Amino acid sequence: MEEQHIEEMKKKVIEAVSKCRICMSCYADCPLYESTRGFVTQGPSGITRALYYGIRWDALDGKDGQDLRDILYACTTCGSCEVRCKKSACNIPLVEIIETGRKLLVEKMVGPMPKQIKVLESLDRNGNPYGEPAEERTQWLGSIDPQDTAKIKLVQGDLKTETLLFVGCTSSYERDLVNVPGSIVKIFNHMGVDYGILKDEKCCGDPALRLGEAGLFEEMAEKNTKVFEQAEIKRIVTISPHCMSSFSQDYPDLPNNITIQHYTEFFAEQMSAGNLKPQKSLKKKVTYHDPCYLGKHNDIYETPRQILTWIAGDSFVEMEHNREQALCCGGGGGRMFVEIEEIERLSEKRVQQALDVGAEIIATACPWCYSQIADGIKTSGNEGKILVKDIAELIAESL
Amino acid sequence: MEVIVAIRQTPLLDGEIVLTADEKSVEIEGLKYHINEWDLYALEEALRLKTEIGARITAVSVGGKATEEAMYYCIAAGVDEAVLIEEESSYQLDSSSIATLLEKFTSMRVFDLFLTGVQSEDTGCGEVGAILATKLCVPQAAVVMKIKSLNPEESIVVQRELEDGFSDVQRLSLPALLTIQTGINQPRYVSTMHLRKARNKGSIMRISPLDLSTGTGLPAPKKTMKRAFLPEVGSVKLEFIDGVTAADKAKNIVDRLYGMEVL
Amino acid sequence: MIDSEQICTKIVEGLEEVLEKKYISINRFERMANALIPFPYDIEEKQMPYAVVMPRTADEVSGIMKFANKEKIPIFVRGSGTQLAGSSRPHTHGIVLNVHRLNQFEVYEDYGYMECGPGCVVAQLDDALAELGYYFPFHPGSRIIANMGGVVSNNTSAHMIDTCVGKPGDYILGVEAVLPNGDIIETGTKGFRRPAGTDLTKFFVGGDGLLGVITKIRMRLAPGFKRARGIAVFEDLKALARGVQRMYREKRPAPMLMEFMEKEAAKIGYEIKGLPEPKGSAIFFVSVGSTEEEASSKLNQVLESFQAENPVEAYEVKDLDVWEKLWGAREVIGSFLMQKSGHQWKAAEVVCNLKDLEEGIVAAKNFNADMPSISKLPLYLYGHIGALSMHPGILIPSDWNDEMQKNALDEIFQKEARLNVQYGGCGGEWGQFSKRKDFFVQRYGEAAYAFVNTIKKAADPNNILNPGILEGYR
Amino acid sequence: MTKGLILAIIEHRNNEMRDVSWEVIAAAKDFSSKFDLNMAVVLCGCDCSDLASQAAKCCSSLYCLESEQLKYYSCDRYGAALQGLIDKLQPTVIVLPHTTQGMELGASLGGRLDVPFLPDCLDLFCKNGLWIGVRELFGGKVRGEFQAALSHLVIVSIRPGRFDVVAEESVGNEIVSEKILLDSTDFLTEVLELIPPATGGIDITKFDIIIGVGRGVGDKENIGLLESLSKIMGGTLAATRPVIDMGWLPRERQVGQSGKTVKPKLYIACGISGASQHIMGMKGSMKIVAINTDPKAPIFNVADFGVIGDIFDVIPPMIEAIKVRQ
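Chains as they are written, first to last, in my numbering: chain A, 1 to 399; chain B, 1 to 263; chain C, 1 to 474; chain D, 1 to 326.
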């Protein structure tokens with residue numbers, strides 16, 4: 001018998017998976033199944049059943065352990081399978097089972113994928129998954145409009161702020177995304193919001209949890225929670241849906257008087273309250289890609305569309321697969337840090353779906369979706385035909 | 001089967017290297033430490049033997065208080081016993097002193113296989129394994145990239161990585177010592193929970209160098225660093241390509257190479 | 001573990017010239033995953049495949065079959081694995097031939113037909129053809145994932161009422177198939193007039209996967225229908241049955257779809273969809289015609305028959321939202337009950353003749369009454385009553401161990417066989433063999449069963465292709 | 001006081017003398033004149049008379065220890081054989097190349113004779129009777145002067161590629177070859193086979209232009225960028241050990257101590273910090289361009305041209321510039 005928490009995880013998986021009726025409906029919506037060779041273990045009930053038998057056969061070590069690891073870590077955790085299973089089958093918590101499997105393999109020292117180990121080490125050492133130095137976290141401020149940076153309150157030590165803009169690692173370090181935090185800062189200043197940015201902001205810890213390193217996530221969550229309490233923060237506005245999802249769903253003891261909002265929620269609120277009015281309307285045809293961690297994981301489908309309708313009116317067009325049916329960009333669940341063979345790249349399929357409705361701009365609201373789609377535009381040779389924009393950029397451009 | 005693996009903590013290489021005031025050595029205060037990369041592969045190879053043939057693993061290191069962290073890492077990773085030969089000024093010890101301490105320690109126990117990393121990231125001497133094997137009068141093989149076969153209590157067959165793509169295969173009778181090359185395996189990830197459990201419940205066997213009956217305190221070093229200096233960068237023939245932006249520099253270097261008909 | 005190491009490597013080496021190595025998997029979990037079927041009791045050791053191969057062309061399938069024949073290694077063909085008579089689970093060690101990559105799809109409007117591979121997904125084809133204004137004859141419950149190879153091999157009607165649109169096989173002009181010995185043949189025609197006399201298509205369409213691997217299906221492009229929708233609620237099941245009998249006896253035009261929900265089932269469905277509680281068992285049906293008017297007039301003729309059995313209510317549903325809710329009610333019962341109870345849904349397929357429908361529907365209602373291990377389990381009755389087909393659905397606890405689950409399944413198939421023999425009907429959705437072989441022998445006799453075995457033996461002397469389906473298994 | 005002796009141990013493999021042997025003889029010559037020492041060279045092996053005569057052309061006295069047991073190098077056999085000669089000749093300094101063989105042999109001889117060993121030295125000098133070796137620390141970012149403890153004998157291994165190859169001069173070649181028979185009971189190792197490098201795959205040593213890929217490339221996906229640069233230049237890709245260990249490029253493209261040695265017309269080092277093991281394999285290139293963000297990276301010690309910048313910013317415009325010229 002192994003340690004208690006490992007046995008508990010095993011029991012939880014066996015119980016949850018044995019309720020699955022193997023009706024295979026989840027394969028109809030799984031982006032992994034659609035974009036890879038189409039093996040059965042590249043689809044939801046195949047992955048969860050592989051974990052089930054991995055436990056039943058006690059095959060979590062050695063070669064079998066590595067095969068199971070490769071199966072479990074290919075999933076983008078987008079949640080499309082859960083949407084389908086809830087609607088037409090047994091409502092099995094498939095993503096939760098897969099992530100429990102990852103935690104199990106990490107505790108058995110089989111997970112994560114070799115390439116993802118340096119991500120966890122960097123999270124621990126530098127407070128971001130990219131191996132960038134922690135002290136360069138706010139370097140992006142140097143490359144945006146100086147008038148905007150002047151108004152930013154850099155929160156440090158015992159400085160307080162009611163509203164915190166949580167920038168996130170990708171927006172802080174990814175050079176060709178600098179326009180996203182830049183736009184948000186411009187909008188905040190335009191509205192005269194009193195807000196701050198943490199000088200030594202550290203990753204929210206989401207990648208650690210998605211990769212199954214629950215212990216590291218707990219430590220990171222604890223540290224961040226102390227920082228938020230110390231700065232007496234009442235509202236956290238995040239740029240990435242992953243940070244928002246992590247704070248609101250995974251942080252164990254974040255004080256409940258702190259409101260957690262993705263920036264689209266905050267701006268939509270401000271727009272309907274009249275504090276934020278787009279001046280120039282967007283002429284180009286724009287469509288919207290629902291980030292999985294905004295839509296499927298947190299049911300935020302309409303707010304971003306409200307903003308886009310305010311800005312673009314009826315030149316905002318809907319793709320065939322939207323809201324709960326939106327196709328995943330392939331970046332979630334740790335997939336940004338490891339290369340999974342794609343026969344048809346998800347990001348390219350999504351770009352094609354946008355072109356099919358005549359869109360000239362694909363708007364989204366997640367840095368990972370942004371980079372994946374930007375990549376998809378390049379590799380599918382559609383540069384010049386279509387652009388990817390973050391909703392924040394569109395709002396800023398409309399002021 | 002008893003396997004001993006020697007571990008050393010080396011400073012993390014990224015960032016600025018600063019010399020001490022007397023320019024006698026490198027300033028190690030404030031540097032972050034981690035387990036020497038080669039030793040991580042040696043540790044993983046030992047743990048592989050544990051899972052595959054149930055070998056009993058002892059991790060041993062010569063170091064000060066900071067090295068406890070490495071010992072807890074080994075315990076978390078799954079070694080059966082973690083031994084720390086406590087010496088606060090271990091950074092001043094040279095390879096032969098460390099080898100002598102390890103020899104005194106190892107001769108007090110029974111072992112079948114002793115694993116070390118080929119060399120350490122900071123000093124890069126690659127001596128400890130060879131000196132130790134010679135003093136213990138056991139066969140040794142350096143730069144091992146594969147354990148081909150193992151007949152416990154009898155012999156081990158290894159493949160060694162040589163220059164220019166050559167390699168050779170040697171059989172060594174046990175007990176034997178191997179120095180392990182990077183890339184032999186894929187070191188595991190040790191989770192925070194395991195580390196936390198190791199720190200709370202794990203126990204490190206501490207030995208003072210004096211108990212190792214080396215007579216008068218620490219063994220005399222065979223070599224000591226008298227002076228450290230930062231090499232002036234660039235060979236005499238180096239010319240930095242100028243240019244404001246990266247694109248300018250790119251264009252200039254291409255022009256130079258075409259100018260010299262190298263392209 | 002079986003000492004399959006050498007066999008697996010032999011397979012990989014043997015097939016290296018046949019298809020790309022990356023589509024040959026001997027990964028232990030992938031092999032298990034290709035033995036998954038909707039009866040989730042554990043896979044037995046002997047059912048563990050040696051390897052999984054995913055061919056892309058008929059030639060590759062042929063190469064695989066030839067290799068399998070030479071090495072005497074069984075081949076189990078797999079599409080989505082959702083067939084409800086358990087045909088997709090391998091019965092012994094062997095190679096699983098997964099047709100997922102055989103998914104070419106081309107519409108030749110100038111020829112008036114379309115061609116698709118066995119790996120195409122039913123719903124995707126259905127939607128694509130509907131967009132072009134064509135009718136698609138396959139409408140199984142698992143349409144969003146079911147593969148063409150499976151539905152064609154079973155010739156499954158599911159919701160589609162035979163008396164209106166015939167069997168789906170009627171729309172298939174011909175197929176390309178790989179015989180068990182690896183030969184590739186083509187059957188049928190490119191025209192609309194199908195062969196008189198010997199037409200080998202019938203050996204594969206509804207062939208239960210016994211005589212060959214379908215690698216291409218050619219299907220006629222039939223014009224789409226306009227639809228009219230109706231509902232009728234009857235006090236009790238007998239009245240409902242009499243309504244249907246009257247529809248046929250009074251020579252009314254048969255509807256394309258005619259579903260029913262017994263009161264208990266309907267109550268749940270209506271509740272979930274926020275509809276007022278039904279005052280009895282309900283029938284929803286769709287009549288079709290080339291124009292709205294024609295569809296509506298056909299519908300009303302059927303309603304006239306129903307009126308005669310004084311239903312609680314019977315009317316044409318004009319409001320699409322109400323219809324979506326009514327039709328949706330039927331689809332959510334299964335998932336709602338499973339999620340509430342945490343148990344798993346298993347249904348039988350009881351098919352009656354017209355004369356005894358009144359008695360048959362009651363027998364279906366009390367389906368599990370006299371069956372030892374399932375009599376106390378909750379039962380909900382629904383089905384395609386227009387085709388005289390009824391699904392008594394039972395919730396089997398998922399924490400029952402394998403043996404108890406198998407017993408429950410056995411009893412369901414045994415009772416189903418007994419009723420179908422009694423009323424002379426037969427399953428029209430899930431094929432004739434595997435878990436339902438006993439019915440075939442009881443219904444058609446040993447001679448008929450022997451006859452099928454003779455054909456199988458002739459076509460597949462080494463019994464390489466899908467062994468176990470014809471033999472049937474518990 | 002008779003003059004001291006410096007004894008050079010040379011290496012051969014697969015019946016060919018290794019380049020480092022000529023370098024170590026050159027170093028020994030240099031040290032013998034600088035520190036007024038006699039010089040001798042020793043070669044161990046079996047039926048290696050032609051190798052001995054080759055070596056004898058460049059040194060005045062050569063010892064050749066021959067025995068079937070010395071056919072292949074193994075630490076205990078070579079150690080035992082050399083110990084006899086060392087006791088006899090009582091050298092002051094033993095010098096050998098810092099190769100996989102040299103580092104093991106030097107350290108074990110040091111352990112066996114309980115004398116200091118200065119591994120991987122860039123230079124050697126003597127200050128009032130104490131030998132001092134200049135060595136690299138922290139991957140070449142720092143250098144240290146290591147003083148050996150006072151001892152009748154010091155063993156030194158020298159960094160390959162550090163000394164130029166000795167020129168041949170027909171010196172009076174006195175070859176002392178001894179057939180020796182070692183007591184095989186104390187041999188606990190046995191060399192089963194020597195495996196030559198895998199044939200097949202690309203032979204990067206044949207290319208005039210080589211693009212070196214280092215850890216700085218960041219991820220396997222980015223190698224495509226360097227691939228297009230090497231294609232447009234008609235060159236090929238090579239890589240440092242970490243890139244090979246991570247499986248981003250096949251083993252046959254590894255340049256360095258445990259990989260291949262290349263001497264192309266042009267070597268462009270992209271994102272390579274310049275670990276000694278890598279520099280050893282490419283420093284012989286005619287022209288070396290190094291692209292790195294860190295101006296202090298050791299790679300610049302061997303480069304002709306240095307471009308300070310991120311390879312993702314420098315290489316695309318380079319490709320454009322070349323396209324324009326073609």
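Calculated directly from the structure, the hints in this document are not laboratory data. It should be emphasised that the depicted structure is a prediction, and the values quoted were computed from it without experimental measurement. Quick reminder that beta carbons are idealized off the backbone N, C-alpha and C, glycines included. It is possible that part of the hints are untrue.
[What the hints assert, rightly or not] Covered stretches of chain A, as calculated for chain C (at least 3 residues, CB under 8 angstroms): (1) 25 to 32; (2) 46 to 52; (3) 62 to 68; (4) 89 to 95.
[Unchecked claim] Keeping only pairs whose Cα atoms sit at most 20 angstroms apart, straight-line, the calculated SDA-like set for lysine to any residue is: (5) Lys220(D) x Lys63(A); (6) Lys146(B) x Thr205(D); (7) Lys63(A) x Glu239(B); (8) Lys263(C) x Pro378(C).
Outcome of the hint check:
For a cut-off of 8 angstroms, the count of residues in the region 25 to 32 of chain A with a CB near a CB of chain C stands at 3, and the three-residue condition holds. Figure legend: the region 46 to 52 of chain A, annotated as covered by chain C; annotation consistent (3 residues with Cβ-Cβ distances under 8 angstroms, at least 3 required). Here's how the region 62 to 68 of chain A fares: 3 of its residues keep a CB closer than 8 angstroms to some CB of chain C, so the rule of at least three is met and the hint holds. Using a Cβ-Cβ cut-off of 8 angstroms, 3 residues of the region 89 to 95 of chain A lie near chain C, which meets the minimum of three, so the contact claim holds.
Restraint check for Lys220(D) and Lys63(A): the C-alpha separation of about 24 angstroms exceeds 20 angstroms, so the hint is violated. Note on Lys146(B) and Thr205(D): the hinted pairing is violated, with a Cα-Cα distance of about 26 angstroms set against a maximum of 20 angstroms. For the given pair, Lys63(A) sits about 51 angstroms from Glu239(B) by alpha-carbon distance, which is inconsistent with the 20 angstroms threshold. Distance check on the hinted pair: Lys263(C) and Pro378(C) sit about 14 angstroms apart at the alpha-carbon level, within 20 angstroms; holds.
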